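Student: From first to last, the protein sequence lines are chains A and B.
Counted the way our numbering counts, the first sequence spans residues 1 to 231.
Counted the way our numbering counts, the second sequence spans residues 232 to 761.
In case anyone wonders, no lab produced these hints; they're calculated from the structure.
This one's a predicted model, so the numbers in the text were calculated from it and none came from an experiment.
All C-beta atoms in this analysis are idealised placements derived from N, C-alpha and C, irrespective of residue type, glycine included.
Certain hints may be false.
[Unchecked claim] Interface residues of chain B toward chain A, partial, derived using beta-carbon atoms under 8 angstroms:
no.	residue
1	Ala-613
2	Gln-630
3	Val-634
4	Pro-664
5	Val-685
6	Met-687
7	Gly-690
8	Arg-700
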Amino acid sequence: MGRAEVAAALVEQIQPIALAREQRLPVLPAFASLIPGGGLRRGSTLATDGPAATSLALAAAAAASQDGAWVAAVGFPSLGLLAAAELGIALERFVLVASPDTEIGPDNEETAWAAAVAALVDAFEVVLVQATHRVKARDGRRLAARTRERGAVLVQVGSSGWSEGADVTLEVTDARWEGLADGYGHLRSRRVTVVGGGRREASRPRRAELWLPSIDGWVESVVADPVPLHA
Amino acid sequence: MTVWVPDWPLFAAGVPADEPAAVFVANRVVACTAAARAADVRRHMRRREAQARCPSLRVLDRDVERDARMFEPVVQALEAFTPRVEITRPGRCAFPTLGPSRYFGGDRALADRVVAAVDQPVMVGVADGPFAAEHAARTAYVAAQRGDPPVWIVEPGSVAEYLAPLSLTALEQPDLADVLRRLGLHTLGDFAALPAADVLGRFGPAGAEAHRLARGLDARPLRTAPPPLDLVVSAELDPPADQVAPAAFVARGLADELHRRLDARGSVCTRLVVIAETENGERSERVWRHAESSSAGSTGTSGLGAGAIADRVRWQLDGWINASVRQRPTAGIVHLELHPDEVVAADGRQLGLPGEGFGGRDTGAADRAVRAIARVQGLLGADAVSVPEYAGGRDPDEQLRLVPAGAVDLTADRPAVHADWVAAPWPGRLPNPSPATVHPQPLPVDVLDGTGRVVMVDGRCTPTAPPERLRVDGRSHRIDSWAGPWPVDERWWDPERHSRRARFQVVTDDGTARLVVLERGRWSVAATYD
Numbered sequence: 001m002g003r004a005e006v007a008a009a010l011v012e013q014i015q016p017i018a019l020a021r022e023q024r025l026p027v028l029p030a031f032a033s034l035i036p037g038g039g040l041r042r043g044s045t046l047a048t049d050g051p052a053a054t055s056l057a058l059a060a061a062a063a064a065s066q067d068g069a070w071v072a073a074v075g076f077p078s079l080g081l082l083a084a085a086e087l088g089i090a091l092e093r094f095v096l097v098a099s100p101d102t103e104i105g106p107d108n109e110e111t112a113w114a115a116a117v118a119a120l121v122d123a124f125e126v127v128l129v130q131a132t133h134r135v136k137a138r139d140g141r142r143l144a145a146r147t148r149e150r151g152a153v154l155v156q157v158g159s160s161g162w163s164e165g166a167d168v169t170l171e172v173t174d175a176r177w178e179g180l181a182d183g184y185g186h187l188r189s190r191r192v193t194v195v196g197g198g199r200r201e202a203s204r205p206r207r208a209e210l211w212l213p214s215i216d217g218w219v220e221s222v223v224a225d226p227v228p229l230h231a
Numbered sequence: 232m233t234v235w236v237p238d239w240p241l242f243a244a245g246v247p248a249d250e251p252a253a254v255f256v257a258n259r260v261v262a263c264t265a266a267a268r269a270a271d272v273r274r275h276m277r278r279r280e281a282q283a284r285c286p287s288l289r290v291l292d293r294d295v296e297r298d299a300r301m302f303e304p305v306v307q308a309l310e311a312f313t314p315r316v317e318i319t320r321p322g323r324c325a326f327p328t329l330g331p332s333r334y335f336g337g338d339r340a341l342a343d344r345v346v347a348a349v350d351q352p353v354m355v356g357v358a359d360g361p362f363a364a365e366h367a368a369r370t371a372y373v374a375a376q377r378g379d380p381p382v383w384i385v386e387p388g389s390v391a392e393y394l395a396p397l398s399l400t401a402l403e404q405p406d407l408a409d410v411l412r413r414l415g416l417h418t419l420g421d422f423a424a425l426p427a428a429d430v431l432g433r434f435g436p437a438g439a440e441a442h443r444l445a446r447g448l449d450a451r452p453l454r455t456a457p458p459p460l461d462l463v464v465s466a467e468l469d470p471p472a473d474q475v476a477p478a479a480f481v482a483r484g485l486a487d488e489l490h491r492r493l494d495a496r497g498s499v500c501t502r503l504v505v506i507a508e509t510e511n512g513e514r515s516e517r518v519w520r521h522a523e524s525s526s527a528g529s530t531g532t533s534g535l536g537a538g539a540i541a542d543r544v545r546w547q548l549d550g551w552i553n554a555s556v557r558q559r560p561t562a563g564i565v566h567l568e569l570h571p572d573e574v575v576a577a578d579g580r581q582l583g584l585p586g587e588g589f590g591g592r593d594t595g596a597a598d599r600a601v602r603a604i605a606r607v608q609g610l611l612g613a614d615a616v617s618v619p620e621y622a623g624g625r626d627p628d629e630q631l632r633l634v635p636a637g638a639v640d641l642t643a644d645r646p647a648v649h650a651d652w653v654a655a656p657w658p659g660r661l662p663n664p665s666p667a668t669v670h671p672q673p674l675p676v677d678v679l680d681g682t683g684r685v686v687m688v689d690g691r692c693t694p695t696a697p698p699e700r701l702r703v704d705g706r707s708h709r710i711d712s713w714a715g716p717w718p719v720d721e722r723w724w725d726p727e728r729h730s731r732r733a734r735f736q737v738v739t740d741d742g743t744a745r746l747v748v749l750e751r752g753r754w755s756v757a758a759t760y761d
């Protein structure tokens, strides 16, 4: 075998290992039916919407974060950090970035906000973004392209402000808290209905019911309806 | 020749030598004034001990950038004598004397001129080799205390005799010195008398380096071959940088690039030339030497790391741009160049495979994150980026707080990001799950009972009536279910910060769960469970 052939054989041996793991970031099992391919494809965008958009976005990033990914959140002035930790975000790899008040960037071409998000996409594997202002269509396209190029995942929390749809969309259509009664108990769990949509491989409509969180504090699929105590 | 200003950090801070003061880093003395030394304050001493020995001690924090900036005029004065001034660290620099001495008529004449040319109280030591010259400068300091001129010259060829009576601590390798002392060796002369091959065999490269120093030689044999040109890294700045920060940012990238190239060759840089040029052709060129030669005995040659290189570029530019009007550049910096002047094989520690930190953590990702954070800080301001850390508290916004990302080392393990960091229990905490939105400014609301009156809480923490309606922003919601109160009575000892409040969880008819708080008769929404 010649030198070149050995090299080619080695390349072949090495490649598949890199591919399977490299292309998708892991998600919690509860998301398996909601996110095509059972993982967040690197270079794609995800949008969450509805009454529990923030929790849903954090839960979607949780498995990747536990797996060693760095997560940045831009424009969440009132994020409940404790909730993020409880949903499974590894705080040692979690960074919060405040949105700038002004929209004028270093060269007026690109807003400072977009430049900051682009810089984060370069290094962080998951970037959660809540648009505090209207995102220019050009900035949105540019960020999506940057995300694709760098293999990160851009999560748009709340659809307001974005002019273009994401590759995968998840919308909470119904959320119900449980555990509270008239004057006693405390919030324990929340049952949400999530409807999935998106482009290409995600275009098939999907629907799932999740505990966000469950009574044990996890994010789980609703397996069966609980049996009512008083039939 | 070594030119040294004793206790530079204090001199730069503007503290007179007769006032007891010390500069501390991590609670240890790193420098102190002569007055403090007279009171038995020593380097490496703990702050408490230092203050016990000298109660009137003034405590200062270290400001490396100020030290570097203030040293710039000294270097500029020396540049009148020679173009090759090597800055070992702020406060100390060295240059070869062969040419200048001949021109100015001998070492003594040159040293006298140097002392006269520099405004600061410099000590000048002349010897063969920088190590001996440095100690000659210390001897000069002792001479100056007696009132002699602050110059000490070791005649050529007599370096070994000069060094022989010095203590082993001069090597600045405490571990090695300790071992040698237990072997019965107390001076550099004793150590130098050992056979070189045995020292190398017993103490490794770091020991061999120390042995060479003790014998009055250079730490490493001279290498005459110039470093290959492909190690020179440079960048053009467009638009020109007239502030330090943008240039320093570019320098950071250059430093990383240089470090990567050195790494690939298995080399480290021990002497670096930093060149900056402006639009109008002004030029700042400085030689920086790696000061801490193999400090911990076993680490071998460590060289200048990427961070250290970037720091030195920033110091140099800071000193140049903020110099007096006469010496300041008249235009923005357009060109930066890093020129590794002395490159040696990295025989020291191996930090593991690239991207693998200790414990198998991916420090490559952390480094990338830190770099991206620096970039975002440059765009949005240093306060824009923050990271969470646990702190004690009873409310959702208290249990985790945000600290500026610049204040922590993200590449290292941070205990404060783990929930067990807060050891003490905080009774009165709300049960899990926590709200995903915590309003920085509580939103004022009204919580009404069935008859439309505002619900209050009595002294035994029972609501006056079950809450039935919640009015937010003029819109009224029916309360489907509620629980509480979770009372908090905090800081009753402090009249200004005393806070007594009752917290309720309410779920309204639109399915939203909120945390509402009653404090001083006013209701507000503290958090939303969304």
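Student: Each hint: holds or not?
Tutor: Hint-by-hint comparison with the structure:
1. Ala-613: 11 angstroms, violated
2. Gln-630: Status holds, d = 5 angstroms.
3. Val-634: Result: violated, 10 angstroms to nearest chain A Cβ.
4. Pro-664: 5 angstroms, holds
5. Val-685: 17 angstroms, violated
6. Met-687: 15 angstroms, violated
7. Gly-690: 18 angstroms, violated
8. Arg-700: 14 angstroms, violated
When each numbered hint is compared with the structure, violations occur for hints 1, 3, 5, 6, 7, 8.
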